[in-house]
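Next come the chains, spelled out residue by residue.
2 protein chains.
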Amino acid sequence: MCISSRHTSKLTRQYYRYALNLKSLSYHTVYIKLPDVEALAKKIGAAPTMTEPDGVSLFYMIPIIQDDSTGTIISDSPTIVAYLDKTYPSSGPILIPTGMMTLQLAFSSAVVDAFTPLWPFYALGLMTKMNEVTAVYFLKGFKKLLIQVKENLGKMNKWFEGSDGNFVIGNEPYFIDMAICAFLWFTRGVVGEESEKWKDVVSWNAGRWRRYLESFKPYEKLL
Amino acid sequence: MCISSRHTSKLTRQYYRYALNLKSLSYHTVYIKLPDVEALAKKIGAAPTMTEPDGVSLFYMIPIIQDDSTGTIISDSPTIVAYLDKTYPSSGPILIPTGMMTLQLAFSSAVVDAFTPLWPFYALGLMTKMNEVTAVYFLKGFKKLLIQVKENLGKMNKWFEGSDGNFVIGNEPYFIDMAICAFLWFTRGVVGEESEKWKDVVSWNAGRWRRYLESFKPYEKLL
Chain A
16 MCISSRHTSK LTRQYYRYAL NLKSLSYHTV YIKLPDVEAL AKKIGAAPTM TEPDGVSLFY
76 MIPIIQDDST GTIISDSPTI VAYLDKTYPS SGPILIPTGM MTLQLAFSSA VVDAFTPLWP
136 FYALGLMTKM NEVTAVYFLK GFKKLLIQVK ENLGKMNKWF EGSDGNFVIG NEPYFIDMAI
196 CAFLWFTRGV VGEESEKWKD VVSWNAGRWR RYLESFKPYE KLL
Chain Z
16 MCISSRHTSK LTRQYYRYAL NLKSLSYHTV YIKLPDVEAL AKKIGAAPTM TEPDGVSLFY
76 MIPIIQDDST GTIISDSPTI VAYLDKTYPS SGPILIPTGM MTLQLAFSSA VVDAFTPLWP
136 FYALGLMTKM NEVTAVYFLK GFKKLLIQVK ENLGKMNKWF EGSDGNFVIG NEPYFIDMAI
196 CAFLWFTRGV VGEESEKWKD VVSWNAGRWR RYLESFKPYE KLL
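Note that the protein sequences, when read in sequence, are chains A and Z. Take any residue in the first sequence, note its place counting from 1, add 15, and you have its number in our numbering. Take any residue in the second sequence, note its place counting from 1, add 15, and you have its number in our numbering.
Take the hints with a grain of salt, since some may be wrong.
Claimed, not checked - Think about it this way: if two alpha-carbon atoms lie no more than 16 Å apart in a straight line, the pair counts; the simulated EDC-like pairs of lysine to aspartate or glutamate are:
#	chain 1	residue 1	chain 2	residue 2
1	Z	Lys158	Z	Glu211
2	Z	Lys173	A	Asp83
3	Z	Lys170	A	Asp128
It should be emphasised that the hints constitute simulated quantities derived from the structure, not laboratory data.
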């Protein structure tokens, strides 16, 4: 298995790393630059993931999964996870249980929305060379934005009162839990694990988000 | 079974009517006025549903379910549905499958958000006597707000691409489907079933929302 990913798209890449590690599938990652995505996708026959706002031009997104053992190439997020479940049903857990795709997509969307206030900081991760003035400008607004994320995660935390375990569906990890973890993992990377900001984040909602990352630690690394 | 409900809270009442009808439970509705909710809740021993923003005062919401056969009184939305499932597991379908509470709460929240632009019109339903000037004022903004709802439902429609049936989880109705239907039902009541506006709504997303209401028609009425 091979993931093609631009070096800047850390968040999405981490997400698929969780998925592949959870399913105990071996893979390697090919890092490509943003302007090269379309050419590579066309070369290996990866489908475009969406149409541009003009309604005609096609848009190619990464990561793309290339499965050497079946020759399959997939480039759309939920489709990739559904493919892994279908092709490797007994390797690791099923990541999207039967009939649960719609609910998982809805929850994914809520996760993305919850972390939206921090997008400027995720964008920071894209800049390999950022001058200090820009950094100060971005970091000035951080406290306010972090309060918004805290509110959003607090709302999400209430939904967990319906769960019997630490995860969305009891104590077994699914597709949707990986989405939460990928955002937390990337946020930790941006603010720094030893920072006061991160210590604040992991104290929210009785430590729910700290526990999330701890539970997924075994699946965090490039295997 | 008895539902206490103020005469104005049509939307929420419809929601529980779907739930009770789907579960083939018999009930009658006691209509109470908004200022009388707290006194009634205290009298019958219904718990407050939330704390006021001051952090001290308690807030009592309706509907409240009073189950004569068990003596139980419940006043919080997901708790009511979970109670019905637990107490009457073999009467009608299970409305929240095991382990699905968190996902259903998240989806519920998305449904509420999707219809949020129309709140002024739901508020219209609260006014028994509204003068014409006010009505015109409200209706002027309708077209714009309806476009927002159309966009929101379009986003939600994409999540359904993951479902094998017409509902959120395949072709069986659950808690979450009733939430969608209650909003659609109430919207239809506000704009009028024969109006051009409603004909527009039911044409969206290849008729998905029209099919929703049709499927739930048998559970719509006071039984």
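Verification of the supplied hints:
1. A hinted pair counts as satisfied when its Cα atoms are at most 16 Å apart, and Z:Lys158 with Z:Glu211 qualifies at roughly 11 Å.
2. In summary, the hint linking Z:Lys173 to A:Asp83 is not supported, as the alpha carbons are separated by about 30 Å, beyond the 16 Å threshold.
3. Between Z:Lys170 and A:Asp128 the alpha-carbon distance is near 13 Å, which keeps this suggested pair within the 16 Å criterion.
The structure shown violates just one earlier hint, number 2.
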